[in-house]
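Engineer: Residue strings, one per chain:
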Amino acid sequence: MEYVNPLTGFRVDGRRPNEMRQLKGEVGVVARADGSALFEMGNTRVIAAVYGPREIQNRGQQVNSNEALVRCEYRMAEFSTGDRRRKPKGDRRSTEISLVIRQTMEASILTHLMPRSQIDIFVQVLQADGGTRSACINAATLALADAGIPMRDIVTSCSAGYLCSTPLLDLNYIEDSAGGPDVTVGILTKMDKVTLLQMDAKLPMDTFENVMELAIEGCKAIATYIREVLLENTKRLECQRG
Amino acid sequence: MVALSEGEKHFIRGGIEQDIRTDGRRRLQFRALSVETGVIPQANGSARVRLGGTEIITSVKAELGKPSILHPDQGKVSIFVDCSPTAEPMFEGRGSEELSAELSVALQRCLLGGKSGAGAAIDLSSLIVVEGKVCWDLYIDGLVISSDGNLLDALAAAIKVALSDTGIPKVNVSLSAASDEEPEVDVSDEEFLQFDTSSVPVIITLTKVGRHYIIDATSEEESQMSSAVSVSVNRHGQICGLTKRGGAGLDPSVIFDMISVAKHVSQQFMSLLDSEIAAAEAEAAE
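For the record, the sequence lines run as chains Z and Y.
In terms of the numbering used here, the first sequence opens at residue 2 and continues consecutively.
In terms of the numbering used here, the second sequence opens at residue 774 and continues consecutively.
Hints should not be assumed to be uniformly reliable.
Said to hold, decoys possible - Restraint ranges, calculated between C-beta atoms of paired labels, are given here: (1) Y:L843 with Z:G15: 46 to 52 Å; (2) Y:V944 with Z:V64: 55 to 61 Å; (3) Z:D201 with Y:Q967: 42 to 48 Å.
Honestly, the hints are just simulated from the structure, not real lab data.
Cβ coordinates follow ideal geometry from the N, Cα and C atoms, glycine included.
Just chain Y, with the same shape it has in the complex (with noise of 0.2 Å):
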């Protein structure tokens, strides 16, 4: 929880509304950006995520499973966050379940798409290794080490990193002659295939104080916020996912300017991402 003075509200709105705020930045900026890969070696892949004063440890882990009978052309992909006691004593026992559900559904709704899985970052269909028999389910666990606000942004970067980390082990499989007995699967420990994860989209969250809107709020302005949008983009420009937090109400004609502004954002910090990945993968590689 964060207490504030009268003054100290007043210094952050003030800032907010010159376009200096508290720690020099201007209200489109994003605080320092420090990613590092494989972080767990026993996870598939991995990678921590700073921004600031927050810090994110994310693991991709496959798993062979069945695939569902409503979909048996399709793996599986769940996506669970947890938020460390180490960042916020409130998180302490059951006091994180909330924040941490609140934030696996936000990125579920931005990254696995619909119920029937269209739209999804993730192509589900090449998860699949023998049709209705078995596919790779694809564990995504978010660590919330240190928490200074901005968490969703955070976690969505942190994701898109450990996924283009992530490396899937080439599986061999023997088709036995009966159509009805499980097929025999040898997984390879050298041979790992790739993601692709150029479609992976990023997550801007504007946050709305006073009549201006910001990025990367730390959790000071966060606690002076009026109401939050977070939008996730690809590549491309296109708008995966919204999600709308905190009491006041927006008009729909500054929804559709944050919009704008976090397309355009998007792209900057998906290029700043995408050059800190192969940094930290050169860093790995050596």
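Bound-form chain Z, shown alone (with noise of 0.2 Å):
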């Protein structure tokens, strides 16, 4: 299948190698959360609310009293795949994934400015069209910064692949399963360090180096717009405080 036009060089969603899909985010989405958000990546639509920081309520799972606990869940609706199918609760893919972010907002967040606390980060994945993964690191930061938690930096990320000898970034669902190489990269923007780095199948070192520069450049833009979100909201709390 051609993943990418010969002739105009346009994606199957008519989209450049190197265009992004539509973002849009949106803070406050669940009322009764601490901090909330949706994300959307094109059709992948994602919810995240975060509850704390609290009292732990389970002190077995305590590792380290100086700092906070960041737990993370991470689950699928069940209308979010085009057909659908009852998967049952913490299957292995979700368990995966709760993990990578948990570990990667982990990163950001002064966890030793909350001994003795837990934060609670859940997302719902409502549409699943490629790039879930980023969607939801994306809505965690912004549902994060929204609860007020004090974080490092921004930290956004994106998916990039190698298709028919080109770099695309953002891979929706049909790039995601043509069975090229798929590269997640979550950066902390501000820092300039990377956080999160998968990548599946192979690919030559050079070739590596462009797609990932791809999926940085990605990041990038997507915290910019993260920033923006996050002011036009504080520009809103502003005005209401008067």
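Combine the two chains into a complex, taking the hints into account.
Structural biologist: See the structure below:
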């Protein structure tokens, strides 16, 4: 299958190789959560809710009493995928993604400021069209910021792939299931540090560099957008205060 | 979980007694309702319903399947509810299973009628494509995004909205000569059939706090309830299902009283919902 049109250079959904899908972020979508956000990357749509910092619910989980405990659960809605299938809760894929999100977010949260407390991050996928991992991390960042949890920096994530000898930014479901390499990168934008890097399939070293560079560019673009959303929200709150 | 001090408990109870609740509502008044359709483009129909702090997303998906042997002239409808941990940290892992199952069963009871399919809100025979061979399987999924009490009423309302948004693709069947062969089915992706949702009921839950009962309770108010009765009523004022929750017993005369109140409230709620659906559809059409 042609994933990049050889004549026009456009992708299956009409994007250019280095073009991202439409982003949409909204803060404060869950009324009762301490912080929450909706994040959309094209048709991929996720909701993140943050509860905490609060008292540790289960003392057995506490590892280090000088730092906050960060927990994360990733869940897909029954209707999120194209064909409806009932999956058991806590399947291996969800567990793995929960772990990845937790580790990525933990890297940016200033956990030492909140000893003996716990922060819960719940991400719920409403629609999956590739790049759910990245969308979840971006949503979690927005939700954590909404909850007012101290963070080192904004973590953003974006994926990139390599199909038809072209590096492609922000793969959708069709491109993701094409079997080519899929590089997911998460970075701390201001500090310019990589906190998440995953790749499947194989790729020559020099191509990998290009693809990763592209994904980092994507992350930076998302970070700019997330800052805009947060700024807009802060302005709105300021207005409300009068 | 709601943690309330003695003072807060007293305040909530006293307010209900005096017909002014903590958010300024009267006993038989709903919170602000907002409705949005077509939120899940991948589904045949979907809706997002907000009732105060409670938020529900429902989707309706139709798949071609085989009718059951017992009812070859009927399609199948199943309802599942899932409570997302975004609504309440308690729902993480398997924590939501019990509540999800309770809500699913209550909705099935109110919307799907008896085992034979008689009295169902959705005309099951309209889902048949070829009798005994092909029918539509309708999957209704409810997802609780945010929970602030009165989940059942909000879910039922969301299902009603999602069904009114649902379009079932038109199917052309080319019947082969041999009757035991599988019929060839051609699903149109341009023509859609709308559902008749006029007989889909709404659910009104009356929560009894002290001597009085209230509608559309928040989770703080629900924590103070002694018992609750959920009545599902259709457009003609007929009762389609009834569920009582909570430990305390109720006098039969009180139940009859509650049912008549629920009937009265349901007609108001139904017309409110209808106007919201019309507004949401007009917005989606633009």
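Engineer: Does the structure break any of the earlier hints, and which numbers would those be?
Structural biologist: none
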